[in-house]
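Chains as they are written, first to last, in our numbering: chain A, 1 to 334; chain B, 1 to 517.
Hints listed in this document are in silico derivations from the structure and should not be mistaken for laboratory results.
All C-beta atoms, glycine included, are put in the ideal place defined by N, C-alpha and C.
Certain hints may be false.
Per the computed footprint, the stretches of chain A lying under chain B, defined by three or more beta-carbons under 8 Å from a beta-carbon of chain B, are [as the list claims (entries may be wrong)]:
1. 80-87
2. 94-108
If you anchor each label on the Cβ, the simulated ranges turn out as follows [as the list claims (entries may be wrong)]:
3. Gln131/A - Glu421/B: 31 to 37 Å
4. Pro179/B - Asp163/A: 43 to 49 Å
5. Arg153/B - Asp191/A: 27 to 33 Å
6. Arg436/B - Ser39/A: 31 to 37 Å
Over the 10 Å line for every Cβ pair with chain B, so calculated as not near, a few chain A residues [what the hints assert, rightly or not]:
7. Ala51
8. Leu53
9. Gly135
10. Arg144
11. Arg169
12. Val228
13. Glu282
14. Ile288
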Amino acid sequence: MSDPLVCEAIGHSYDGTPVLDTVDLAVAPGEFVTVLGSSGCGKTTLLRGVAGLVTPERGRISLGGVVVSEGGRERVPTERRRVGLVFQEYALFPSLTVAQNVGFAAPEPARVAALLALVGLPELGARKPAQLSGGQQQRVALARALAPKPTLLLLDEPFANVDADRRERLGAALKATTRQEGASVLLVTHDRQDALSLSDRVVTLVPTPSGAVVAQSGPPDALYHRPVSAYVASLTGACWMLDGEASGATARTAHGEVSLVREARGPVTLVVRPEQARFVGEGTREVIDRRFSEGRWRLTLTGGARCMGDAPVGARGGLAFDGPLWAVSPASPA
Amino acid sequence: MERLVRLGSWLSLALVLLPLLGLAAAAIDPPPDPFGGPPPRAADVLSGGLLGVTVALGLIVTALSVGVGGWLAWVEARADYPGRAPLGVLGLLPMAMPSYVLAATVATTLGPGGWVGKPLGLPVFSGFWGATLVLVVATAPYVQLVVGAALGRLSASEEEAARTLGASRGRVLRVVILPRVRPALVLSGLIALLYAISDFGAVAVLDVPVLTWRLYEAVRTQDLGRAAWMGIALLLIILPVFAATAFLRGDRAAGTVANPRPPRRVAPGPASLALTYGLHALVIGVGVLIPTLTLGGWVVEGLQRGEAFAPLWRPARDSLLAAGIGAALTVLFAGFVARSGGRLREQAVYLTSALPGVLLAFGLILSALAVTRAVGGGRAMYGAVLGSGALLFIGYVTRFLAEVYGPLKTAFEQLDPRQRETARALGASSWTWLVRVGGPAVAPGAAAAFSIGFLAILKELPITLMLGGATGLSTLAFRVWDRYSESLWHDAGAAGLALVGLALVVLTLTLRWRRHV
Chain A
1 MSDPLVCEAI GHSYDGTPVL DTVDLAVAPG EFVTVLGSSG CGKTTLLRGV AGLVTPERGR
61 ISLGGVVVSE GGRERVPTER RRVGLVFQEY ALFPSLTVAQ NVGFAAPEPA RVAALLALVG
121 LPELGARKPA QLSGGQQQRV ALARALAPKP TLLLLDEPFA NVDADRRERL GAALKATTRQ
181 EGASVLLVTH DRQDALSLSD RVVTLVPTPS GAVVAQSGPP DALYHRPVSA YVASLTGACW
241 MLDGEASGAT ARTAHGEVSL VREARGPVTL VVRPEQARFV GEGTREVIDR RFSEGRWRLT
301 LTGGARCMGD APVGARGGLA FDGPLWAVSP ASPA
Chain B
1 MERLVRLGSW LSLALVLLPL LGLAAAAIDP PPDPFGGPPP RAADVLSGGL LGVTVALGLI
61 VTALSVGVGG WLAWVEARAD YPGRAPLGVL GLLPMAMPSY VLAATVATTL GPGGWVGKPL
121 GLPVFSGFWG ATLVLVVATA PYVQLVVGAA LGRLSASEEE AARTLGASRG RVLRVVILPR
181 VRPALVLSGL IALLYAISDF GAVAVLDVPV LTWRLYEAVR TQDLGRAAWM GIALLLIILP
241 VFAATAFLRG DRAAGTVANP RPPRRVAPGP ASLALTYGLH ALVIGVGVLI PTLTLGGWVV
301 EGLQRGEAFA PLWRPARDSL LAAGIGAALT VLFAGFVARS GGRLREQAVY LTSALPGVLL
361 AFGLILSALA VTRAVGGGRA MYGAVLGSGA LLFIGYVTRF LAEVYGPLKT AFEQLDPRQR
421 ETARALGASS WTWLVRVGGP AVAPGAAAAF SIGFLAILKE LPITLMLGGA TGLSTLAFRV
481 WDRYSESLWH DAGAAGLALV GLALVVLTLT LRWRRHV
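Please model the entire structure based on the sequences and the hints provided.
Okay, here's the thing in structure tokens:
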């Protein structure tokens with residue numbers, strides 16, 4: 001069975017402004033892939049290219065083994081690509097009821113009812129979209145996109161207009177629904193929480209002067225713990241960078257000697273996640289700020305170091321690291 | 001300050017009700033027949049197809065105008081073709097043309113023996129069909145603006161969602177686009193219908209037997225009983241149309257996206273392209289080229305024949321005076337209503353401005369007669385009231401209050417009460433707030449409102465004819481009408497050119513200011 005989606009060397013620009021340089025991307029059957037990147041880096045363009053709403057100037061897109069666009073030529077128009085697309089603003093048809101929206105492409109009542117039940121809105125079929133909350137509209141948009149049984153579901157920032165509390169429940173519903181329908185998913189977002197918590201695999205896009213390129217692709221934990229660059233490190237979670245001089249399994253830094261995840265030699269940049277560093281009483285750094293979050297105090301010290309620990313602003317001390325640190329470029333693996 | 005505003009807004013309500021009260025008084029106590037005969041019966045007055053012709057003209061103009069203006073709005077929003085931007089702007093210029101100028105120039109170019117239509121073998125436009133052509137060209141730009149605004153608010157993502165779900169172009173149009181644009185189509189159709197039923201200039205010049213023109217003739221021959229029946233019939237035709245527009249106006253597009261993604265423009269096919277250029281040619285040709293060239297031609301002919309031209313400075317001054325004072329008063333009263341709110345007062349504003357100028361002027365004459373009769377004043381008192389110009393300006397204010405009200409209300413709505421509270425908390429007096437914050441915020445809206453009122457009064461004819469004569473004001477509009485009726489083409493042409501030139505300047509300013517509102 002061929003992959004639901006294969007993008008090869010996709011490149012695009014708008015009026016001479018490069019957006020995508022050479023992006024390679026594939027989604028395997030049943031896989032949930034998220035493209036993570038900062039706002040305006042070309043994620044949505046990539047998604048619209050897959051849907052056929054934009055024809056990329058360069059590269060080839062195949063859906064289920066069929067080439068749908070190649071070298072700036074559209075081979076299969078949007079309406080025959082059979083992909084499901086959920087927009088950031090949902091784009092429900094306001095003149096149709098919820099059930100009519102869901103049944104737009106697949107008008108069998110049983111299918112509509114099953115999908116509404118699946119997204120948890122079995123009794124709202126007769127309502128108009130304007131009578132629904134944002135989260136409900138989002139779920140209707142999801143049911144509508146799934147109705148014609150697409151092999152690939154495309155999601156554009158689906159939780160951008162939903163409050164943090166609902167996000168988690170909607171995310172769980174999305175995951176369960178797509179798994180049950182057997183759909184492969186390509187989601188684009190700038191929200192690392194959505195990306196890391198939902199995906200089987202995360203693809204990070206990094207902007208360059210000639211357009212965005214893929215910086216790193218892999219399972220969420222790999223990107224979090226072993227990012228290839230400081231950019232990917234900060235894209236996937238809170239962190240700060242610590243310069244050091246590596247000699248094998250350890251490196252000398254301004255905060256003393258630290259152990260490394262993998263051996264290296266010469267100057268290195270180390271990624272420190274706040275939960276990896278602890279505030280200790282002995283040292284000369286001063287606490288300049290503290291914030292309480294998720295059950296723990298997070299401190300900021302002079303010099304920009306961030307760590308966990310309970311100390312008042314103005315206290316002096318140093319850092320201790322729990323476990324080895326990950327070195328990004330210019331690392332040279334030993 | 002607040003009390004002054006409230007007082008002013010109730011005064012506005014009194015003004016807009018005045019012509020209606022006059023009509024009501026005439027219905028209860030019909031004015032006597034000028035020749036001492038029995039009072040006329042409604043059936044006699046309204047026989048002879050008067051109602052039928054009025055309604056038919058309104059409906060045919062509406063259908064054609066929605067078709068022409070709707071198509072032009074659609075291609076302006078979605079198609080890409082050479083000359084789209086300049087043709088779109090030129091297509092709005094007929095809004096600066098008074099309908100009597102359009103009608104007079106259509107009659108001499110495309111009418112029987114017309115020097116454009118006859119050599120080209122075009123159908124002859126005179127009477128009913130001439131008025132239809134003129135009114136379609138005059139109203140299509142309004143449809144184009146209203147529908148174009150609705151199309152501009154559409155988000156492309158709904159259409160894109162439909163396409164990813166496999167919908168054909170036809171289905172996208174039917175299910176996604178039409179429901180979104182339908183209220184704008186209907187509203188613009190009702191605006192065109194009101195315009196066509198209320199029009200005086202085109203039907204008067206082309207002598208079409210409709211209610212407004214016959215009502216004016218009846219008033220001119222002092223046959224107030226007949227005129228009253230026609231006025232009541234006009235009111236009964238307009239009320240349901242007005243009720244429909246009021247309903248639609250309250251039902252503003254729900255759930256539109258704040259920042260819609262603009263849809264892709266497509267190159268139209270040859271048939272669409274031909275239709276588009278054809279409609280542009282119709283609107284710009286009949287609405288801009290024919291009138292300016294014809295008026296210019298009349299002047300040139302006059303010069304060649306060595307005709308003596310009546311000086312234009314006085315009508316120009318009177319036009320500027322009437323339009324300036326009238327627009328300022330209209331903005332003032334509209335401002336009272338907009339600032340004080342009040343649903344009843346707002347609806348009254350919309351209602352009177354939906355009524356034909358002929359009917360409003362007649363209603364004011366009737367109320368002046370009723371009042372002078374009630375207080376026992378004679379002909380001298382009535383003459384003094386008419387000659388003071390009070391009725392003329394009340395006529396202008398009531399006729400154009402709604403047009404001015406829209407941009408003013410939008411401007412006032414942008415005044416956030418929290419801004420005023422913030423200014424007070426920062427120690428600013430009411431006066432400081434008004435000069436530094438409130439005034440500048442409302443100024444663009446007020447300027448747009450003033451220019452809209454100014455343009456409307458500049459072009460206005462029936463109220464000027466019926467209520468302005470006794471004041472001694474002789475405006476450009478009056479001059480065009482007067483000289484055209486007397487077949488003094490060179491004078492009509494010169495006054496018409498001056499009027500159109502002035503109107504084009506004001507329209508350009510209005511369209512520019514409107515963008516800032």
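These are the hints, each one checked on the structure:
no., hint, verdict
1, 80-87, "holds (count 7)"
2, 94-108, "holds (count 5)"
3, Gln131/A - Glu421/B: 31 to 37 Å, "34 Å, holds"
4, Pro179/B - Asp163/A: 43 to 49 Å, "30 Å, violated"
5, Arg153/B - Asp191/A: 27 to 33 Å, "28 Å, holds"
6, Arg436/B - Ser39/A: 31 to 37 Å, "36 Å, holds"
7, Ala51, "6 Å, violated"
8, Leu53, "5 Å, violated"
9, Gly135, "16 Å, holds"
10, Arg144, "7 Å, violated"
11, Arg169, "24 Å, holds"
12, Val228, "33 Å, holds"
13, Glu282, "50 Å, holds"
14, Ile288, "33 Å, holds"
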